[in-house]
Structures are given as C-alpha cells and as structure tokens.
Amino acid sequence: MMMFTQVQGLPVITADEAEPLGRVESLTIDAHTSGIACLRLSGAPRHITAIAWHAVEAVGRDAVIVRSRAAADPGQDSLPAHQEALGRRVLTEHGAAHGTVRDIAFDNTTGHIHTLYTALGDISGDRLLGIGSYAVVVRAEAS
Amino acid sequence: MIPLVLASELTKRVVVTLGGEAVAQIRDTVFDARAGRVTGFTLSGRGLLAGPLKESLPFSGVHAIGPSAVMIPGETVLEKRDVAMGADGAGHGEVIGAPVLTDQGTEIGTVLDVVIETGVSGRVVGFEISTDENTDRHRRKAFIPRGETLAVSGRALVVPAHARHFIADDLPSFSAQVEAFRAHTAQPYPQSPSTGTGGPA
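Sequences listed follow chains V and H, in order. The working numbering puts the first residue of the first sequence at 1, with every later residue one more than the last. The working numbering puts the first residue of the second sequence at 1, with every later residue one more than the last.
Simulated from the structure, these hints should not be mistaken for laboratory data. The reader is advised that the hints may include incorrect statements.
[Claimed, not checked] The calculated SDA-like cross-link candidates involving lysine to any residue, where the alpha carbons are at most 25 Å apart (straight line), are:
| hint | chain 1 | residue 1 | chain 2 | residue 2 |
| --- | --- | --- | --- | --- |
| 1 | H | K12 | V | R139 |
| 2 | H | K12 | H | P73 |
| 3 | H | K12 | V | Q8 |
| 4 | H | K54 | H | V95 |
| 5 | H | K12 | V | A140 |
| 6 | H | K54 | H | A98 |
| 7 | H | K12 | V | T33 |
| 8 | H | K12 | V | G130 |
| 9 | H | K12 | V | R23 |
| 10 | H | K12 | V | G87 |
| 11 | H | K141 | H | P73 |
| 12 | H | K12 | V | A96 |
| 13 | H | K12 | H | A50 |
[Said to hold, decoys possible] Now the in silico label distances, taken between C-beta atoms and shown as ranges:
| hint | chain 1 | residue 1 | chain 2 | residue 2 | range |
| --- | --- | --- | --- | --- | --- |
| 14 | V | T110 | H | H184 | 28 to 38 Å |
| 15 | H | R46 | V | A119 | 17 to 27 Å |
| 16 | H | G97 | V | D126 | 21 to 31 Å |
| 17 | V | R139 | H | E75 | 37 to 47 Å |
| 18 | H | A50 | V | R139 | 42 to 52 Å |
| 19 | H | K54 | V | T109 | 19 to 29 Å |
| 20 | V | P11 | H | S173 | 58 to 68 Å |
| 21 | V | A140 | H | A161 | 30 to 40 Å |
| 22 | H | A176 | V | A119 | 27 to 37 Å |
| 23 | H | K54 | V | G99 | 31 to 41 Å |
| 24 | H | A161 | V | G121 | 14 to 24 Å |
| 25 | H | A186 | V | T110 | 24 to 34 Å |
The C-beta atom is built at its ideal place from N, Cα and C for all residues, glycine as well.
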C-alpha cells in the first residue's frame with residue numbers, strides 16, 4: 001500500500017536501459033475500475049508525458065520502474081484525460097459535500113484505489129463514481 | 001427524519017454530473033399545476049456573468065437533490081427549456097404570495113416559500129407562510145404541511161384544517177411535524193375499537 005503523495009516526485013527509470021524518463025507528476029484514476037489508469041510525468045526528456053499503468057513494473061519507495069522505453073511509449077492517445085483528484089472536493093451521489101481529497105492510498109502492485117482520505121473521514125475506493133473538473137463523486141454509504 | 005429544503009434555497013445550487021463535472025446552476029424551481037411536486041428547474045450558467053441557459057432540467061433527470069449540489073447522471077438529461085416548463089401557468093411566482101386558506105374557510109397566512117422533500121422524491125411537503133393574526137397574535141414565519149388533497153388555483157391555496165395543528169417554527173422541527181401529520185392523516189380515527197382490547201368494558 002502506498003500514498004499518492006509518496007509517489008509524487010519519484011524518478012521513473014526503465015529496467016532495461018536504466019534510463020530516467022522523468023518524475024511522477026500525478027496519477028490518473030479511472031473511476032470506473034477504481035484503479036490507476038496512468039502516471040503523468042514531468043521533466044520527461046523523451047516526450048513521454050504519460051505511462052499506462054500496465055507498463056509500470058514496480059512502484060517502490062524510491063523509484064518507479066518501467067520495463068523499457070518501448071513499453072512506456074505506445075498507446076499514448078488511448079489514455080484517459082487526466083483529472084486531478086488530490087485537493088478536489090468530494091460530493092456523494094446524493095449531493096452532500098464530504099470535504100476535499102487529502103491523500104489517496106492505493107495498492108502499488110495492482111494499482112487498485114484503496115482509500116480516499118478527507119478531513120471528514122475515509123472513503124473506500126470502491127465507492128468512486130466519477131472524477132471531474134468540479135468534484136470527485138462517490139457512492140453514498142449503504143445505511 | 002425527512003430531509004427538507006426550501007425552494008428558494010435551491011436557487012444558485014450547482015448542478016453536477018456523477019462524473020464530477022459542474023454543468024450549470026439552478027435558476028428557478030418549476031412546480032406542477034397543483035404545486036404537489038417539482039417538475040423541473042430552469043438553469044443558468046455558472047459564474048458571475050453567465051446568463052440563463054436554453055436547457056432546463058426535468059425532475060425525472062435528477063439523480064438527487066443534496067445540500068451542496070443537485071446531482072444528475074449526465075448532461076444528456078438536460079432538455080430544451082419549454083419541455084420541462086410545460087404549458088400550464090403554475091410557475092414559482094404564482095404560488096409565492098398566494099393566501100393560504102383552510103378547507104373550513106379560515107385564512108391563515110400567505111405563502112413565502114415552498115418546502116420540498118430532498119433526496120429522490122421531489123414532493124412538496126408544505127409551505128413556509130407568513131401567518132395572519134387569526135393564527136397567531138404576532139405576525140411571524142411558520143411552516144405548515146400540505147394535505148394530500150391540496151388545491152391551488154393560482155389565487156389561493158387550500159389546506160386541511162387539521163394541518164394547523166402541525167405548524168412548526170423552523171425547518172428541522174417541521175420535518176417531525178410532517179411525519180406526525182402524515183401518520184395522523186393515515187389514521188384519521190385513533191380511537192377506533194381495535195385499540196380497545198384489554199380495556200375495562
């Protein structure tokens with residue numbers, strides 16, 4: 001399990017060439033699968049601005065490992081548009097505010113979103129409905 | 001407890017898709033001819049300079065009305081404005097300011113605002129009224145539940161006489177009064193023989 005804020009800024013290195021591809025700027029979530037869709041890079045020297053999650057070999061404490069340059073490259077245009085989740089306001093599907101996203105815990109082997117942390121309590125990643133430019137929408141808690 | 005909201009409070013509330021995009025804000029609430037239910041909302045764009053939108057939001061397209069936002073499944077539920085407005089003239093303005101009479105002919109006040117049950121039903125559960133001297137020595141604001149057979153003519157609004165016993169001073173206590181009023185309406189004769197089992201003959 002890792003936090004989004006822990007991964008931000010980590011160097012991305014290819015395993016085959018040991019070549020740095022840049023640093024992790026942000027993680028893009030696919031709300032439909034409650035998983036990470038891709039990593040956005042900053043300072044990328046090779047015009048690779050995003051890497052699909054399935055091309056990521058490992059997310060460790062000190063670096064993100066990608067198999068090779070070639071694995072990181074293809075399928076750029078099939079990646080979903082990035083919507084930043086960190087800092088975004090949270091709304092339930094019933095239209096109630098639930099603070100803002102402080103941090104997100106995810107499984108660093110599967111990319112599954114585990115928990116959204118807000119000032120008003122934790123939200124399971126399985127409750128994600130949508131992430132837009134206005135809000136992160138979550139399913140109402142079963143009560 | 002029934003979650004309630006005043007129609008006027010919905011104005012300017014942001015309309016958000018389940019995908020997290022803000023698409024509009026509420027401009028006005030539209031009721032059906034009997035003021036029993038919200039049929040939809042007219043919309044305006046977001047931001048200071050945004051004007052009214054051509055699209056409106058039919059109530060059937062609402063996912064939920066919440067305290068912070070009105071949720072819709074997606075932008076596809078928005079319709080061309082005249083569809084949700086309907087042809088009958090029972091708009092917002094004709095309910096507000098209408099005198100409230102009981103079905104026994106007593107005037108109890110005038111409508112200030114409409115109380116709507118939030119969540120998914122959109123039912124009009126009652127009205128905020130400015131009470132007359134008949135009801136109260138001091139003119140004040142109060143909440144009164146609507147009867148199931150409420151009549152609205154555009155000029156006046158008639159509620160059952162016993163609704164006067166369920167007047168509340170504020171919205172949170174009104175929620176309990178509406179529940180009590182409904183229970184009372186469902187059981188008009190609490191002294192019915194079925195409750196007399198075991199009592200002294």
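Inset, instruction - Please name the hints from earlier in the document that this structure breaks, with their numbers sorted from lowest to highest. - result: Hints 3, 6, 7, 9, 11, 14, 16, 17, 18, 19, 24 and 25 are the ones this structure does not satisfy, whereas the remaining hints hold.
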